[in-house]
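Given these sequences and hints, build the entire structure.
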Amino acid sequence: MYRLINWFFLFSFIGYLLECVVLTYENRHLVFNRGFGHGPFCVIYGVGAAGALILLEPVSHSPVRLYLFSMIMATAIELFTGHVMVKLFGTFWWDYSRKPFNYKGMICLESSIAWGFLGILFFRFLNGLVFSIVDRIPEPFGGVVAGSLLFFYIGDFIYTMDHQLKKRKDTDRFKRL
2 MYRLINWFFL FSFIGYLLEC VVLTYENRHL VFNRGFGHGP FCVIYGVGAA GALILLEPVS
62 HSPVRLYLFS MIMATAIELF TGHVMVKLFG TFWWDYSRKP FNYKGMICLE SSIAWGFLGI
122 LFFRFLNGLV FSIVDRIPEP FGGVVAGSLL FFYIGDFIYT MDHQLKKRKD TDRFKRL
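In terms of the numbering used here, the sequence shown opens at residue 2 and continues consecutively.
Because the hints were derived from the structure by calculation, they are not lab data.
Computed from a predicted structure; not experimentally measured.
C-beta: ideal position from N, C-alpha, C; glycine also.
Quick list of simulated restraints, FRET-style, between CB atoms:
1. His84 / Phe132: 23 to 33 Å
2. Pro64 / Pro141: 32 to 42 Å
3. Pro141 / His84: 35 to 45 Å
4. Gly156 / Pro64: 32 to 42 Å
5. Gly144 / Glu27: 34 to 44 Å
6. His164 / Val22: 23 to 33 Å
When the alpha-carbon atoms are kept at most 25 Å apart in a straight line, the in silico DSS-like pairs for lysine-lysine are as follows:
7. Lys170 / Lys105
8. Lys88 / Lys167
9. Lys170 / Lys88
10. Lys88 / Lys168
11. Lys168 / Lys105
12. Lys88 / Lys105
13. Lys88 / Lys100
In structure tokens form, the structure reads like this:
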């Protein structure tokens, strides 16, 4: 179990790095704050990697089908997450509204195209690399790492949720005035 937890958080960290690099390039200044919480994790990438492993394995042998299904799955995850965040917080953490062919700033064609390529990269390279890295962590230490990551992220998630919900409540109260 600890290997799966470490695998999940390693993909969440890789997603965080990817987000920082892409946004630093697009905004032409360093961007570090890309996760929901305060740690260097974008857990939507861990969820996406787990979803890909479960749902896309049957098409992983066909590059065209893998590309299309990766594009659809990741775009659906992004759209769903955006809607949940709007319901909870009144906003979401990214904005594609300036990109062509976007829907409410939550999804856009450019990112959907990139998700397809990321799905191929996941199955051809990243998944094996991440599993081999996680397998190199000695067993007792791997459990400690997994427990520490879970403890940190759950605490950070609770703190961030509380902070964001209070912020939303204050914003809603201000709007009524």
